[in-house]
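Novice: Residue numbers (the working numbering), protein chains in the order written: chain E, 1 to 341; chain A, 1 to 341.
Worth flagging that the hints you see were computed from the coordinates, not collected in a lab.
Glycine residues also receive a C-beta, built at the ideal position from the N, C-alpha and C atoms.
Hints are supplied without guarantee of correctness; some may be wrong.
Distance ranges between label pairs, derived from CB positions [unchecked claim]:
no.: 1; chain 1: A; residue 1: Leu128; chain 2: E; residue 2: Ala210; range: 30 to 40 Å
no.: 2; chain 1: E; residue 1: Arg268; chain 2: A; residue 2: Thr89; range: 47 to 57 Å
no.: 3; chain 1: E; residue 1: Arg85; chain 2: A; residue 2: Asn124; range: 49 to 59 Å
no.: 4; chain 1: A; residue 1: Thr89; chain 2: E; residue 2: Ser312; range: 25 to 35 Å
no.: 5; chain 1: E; residue 1: Arg17; chain 2: A; residue 2: Ala45; range: 44 to 54 Å
no.: 6; chain 1: A; residue 1: Arg59; chain 2: E; residue 2: Thr306; range: 27 to 37 Å
Here's the letter readout for the chains.
2 protein chains.
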Amino acid sequence: MTTSQVASDATLSLEARYCADTFNGAIASAAISAAWEIGLLDALASTGRVEISTFAKSREAAPAVVRAILVALSSRRIVTLDAARLEATTDIGFESAFSTKGFFYWLTRGCGELFTTLPTMVRNDDRLGEYVRRDARSISVACRNIARTFFDPPFRELIDHIDFGTVADLGCGSADRIVMLAERRPGLRAIGIDVAEGAISVAKEAVGEAGLEDRITLVQDDVLNLTPRAEYEDVDMVTCFLMGHDFWPRESCVKTLRRLRETFPNLRNLVLGDTCRSTGVDGPEHPMFTLGFETVHTVMDHYLPTLDEWESVLDESGWHIADRQLIDLPAFSFIYRLTPA
Amino acid sequence: MTTSQVASDATLSLEARYCADTFNGAIASAAISAAWEIGLLDALASTGRVEISTFAKSREAAPAVVRAILVALSSRRIVTLDAARLEATTDIGFESAFSTKGFFYWLTRGCGELFTTLPTMVRNDDRLGEYVRRDARSISVACRNIARTFFDPPFRELIDHIDFGTVADLGCGSADRIVMLAERRPGLRAIGIDVAEGAISVAKEAVGEAGLEDRITLVQDDVLNLTPRAEYEDVDMVTCFLMGHDFWPRESCVKTLRRLRETFPNLRNLVLGDTCRSTGVDGPEHPMFTLGFETVHTVMDHYLPTLDEWESVLDESGWHIADRQLIDLPAFSFIYRLTPA
Chain E
1 MTTSQVASDA
11 TLSLEARYCA
21 DTFNGAIASA
31 AISAAWEIGL
41 LDALASTGRV
51 EISTFAKSRE
61 AAPAVVRAIL
71 VALSSRRIVT
81 LDAARLEATT
91 DIGFESAFST
101 KGFFYWLTRG
111 CGELFTTLPT
121 MVRNDDRLGE
131 YVRRDARSIS
141 VACRNIARTF
151 FDPPFRELID
161 HIDFGTVADL
171 GCGSADRIVM
181 LAERRPGLRA
191 IGIDVAEGAI
201 SVAKEAVGEA
211 GLEDRITLVQ
221 DDVLNLTPRA
231 EYEDVDMVTC
241 FLMGHDFWPR
251 ESCVKTLRRL
261 RETFPNLRNL
271 VLGDTCRSTG
281 VDGPEHPMFT
291 LGFETVHTVM
301 DHYLPTLDEW
311 ESVLDESGWH
321 IADRQLIDLP
331 AFSFIYRLTP
341 A
Chain A
1 MTTSQVASDA
11 TLSLEARYCA
21 DTFNGAIASA
31 AISAAWEIGL
41 LDALASTGRV
51 EISTFAKSRE
61 AAPAVVRAIL
71 VALSSRRIVT
81 LDAARLEATT
91 DIGFESAFST
101 KGFFYWLTRG
111 CGELFTTLPT
121 MVRNDDRLGE
131 YVRRDARSIS
141 VACRNIARTF
151 FDPPFRELID
161 HIDFGTVADL
171 GCGSADRIVM
181 LAERRPGLRA
191 IGIDVAEGAI
201 SVAKEAVGEA
211 GLEDRITLVQ
221 DDVLNLTPRA
231 EYEDVDMVTC
241 FLMGHDFWPR
251 ESCVKTLRRL
261 RETFPNLRNL
271 VLGDTCRSTG
281 VDGPEHPMFT
291 LGFETVHTVM
301 DHYLPTLDEW
311 ESVLDESGWH
321 IADRQLIDLP
331 AFSFIYRLTP
341 A
């Protein structure tokens, strides 16, 4: 018996092939995150080709593991390898995987432990206290990439014609957004607000590196329980991305949205960008991110509003929709520009 | 704007769809493991249908999380849900997923942490000491299911016409195999050998439950360094499943196989079943298990021989191939019946 006989024996039924694709999808997903983290995705993106031993040497990495990651990527057509498996070139799936790497990183690095231990978070008795552990650092890296890639371009379009002198970013995380805004608008002052001490310290570094300490202030404060402060008085623009779903359920969302007008008395524009719970999507139609976003929030017992629920809450909360951009990726996402009603 | 407009906006390109399938594959893989562990897969297998609130009540589980697991399964056609998402029925992908659940469990429960932290095991400096953590309990549960489902039927065929009075099972784990053999052969005596204390204690329980203490002995011993013992003298059949690759690299495999003849002086048959490194499989052709098995062993820096390498080592090690079964699932797997050359 030869090797080729074994390979042909292993020809799969359609169902078995589909099932193996599910299995390989799990491995390729982890490989996308790993490849991004070690610089392999960027190397592939810049030249379309990576020579394994050269790359491994440059990273003081084990060539066999770099190769294993590339083989995993090849199982989902992200790269192809030559017969001797010495180098990899980008394949038809590369562009999609590269542009959505933030979602994979969120899933496998940020929420990996949640999915590994999923069966231990199903029984009511197991769902008490802090039963979910996620990797906050990885989630913030993922969200920064997702915001930059998918929310920042329509966000810039939405505000390019709007005047504002002081912006406050709610849930500022690494300060990526206010640094971007301050760099685009020479006179702008900005306040980054985040409840997490870790976020504030990362943000401080980023602001320092950008040389923007004179125009950007960082405040550790709970976005869900803001009260007026002297530094909030001049704020005429508030932005809030990828955290609006934390305002919910409905009653507390109304309260939080109303309170923003008291906290920021001179607020003229509120720009809110987020991903909603899907509607009308079933089974294998689930687009990128939707299934992960919804599974994780269900396991954590966090409410996710639909787009219709968002629209229905704004009037009641004292806000008028001045402008809106719908976003296809991640699906069921929006950016609203709201003005006081 | 209505909900259906959003859904149609989200219609995906082929590449984006394929990429979302990769992402959803990771979630569905974890959901298969979870569904098996909480009894949901077995419930679906027995009646083809599960009513979510009834199932959740019977398990004291959160209905929303049971539903989330089923929705994740639906993303890979394992089940379908009704429009109100009150119940799930098996879909065309169910049979494949159900029969291969052991591989998914091995991957997401047994090796979940390895894949989550994959990027931290690439650099040479990070690959020192015990850098890989796997869940030994989950891996043993997975391997027992894999052995029962895919190796036991051809194994029984292979030995049904063979006489033996005392069998020793190397790497016996939970003692599943020797309990099965002892139950099928009333006069048989059996010895289970495993290096892991945890395995021996689980095996003791299983032997006790089967009421086979008088015929089954358990020995904590290192299969890679066996030496003669009084209880090994009567052994005329040795079995060894899913651990033969640990004998390698080649030189130590030759030694281990030779030593078996000294350790068991009356040995007449050695039955060896294992999965090999694939050959001639590339990219999206990777069948069930292959990519996971090979990625994990590469990360752990463990050698995996090919089928040809196995064949080439037997002669030199003093064994003759008396009979052989090739196994398609997991691909590149075999069971040899070997006799002293």
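Novice: Could you run down the list of hints and mark each one as holding or not?
Specialist: Evaluated hints:
A beta carbon spacing of about 37 Å between Leu128/A and Ala210/E agrees with the range 30 to 40 Å that was offered as a hint. The hint said 47 to 57 Å for the Cβ distance between Arg268/E and Thr89/A, and at roughly 53 Å that hint holds. Taking the beta carbon of each, Arg85/E and Asn124/A are about 20 Å apart, not inside 49 to 59 Å as hinted. At roughly 33 Å, the beta carbons of Thr89/A and Ser312/E sit within the given window of 25 to 35 Å.
With their beta carbons about 21 Å apart, Arg17/E and Ala45/A fall outside the hinted range of 44 to 54 Å. Distance hint check: the CB atoms of Arg59/A and Thr306/E are about 28 Å apart, consistent with the given range 27 to 37 Å.
Of the numbered hints stated above, those contradicted by the structure are hints 3 and 5, listed in ascending order.
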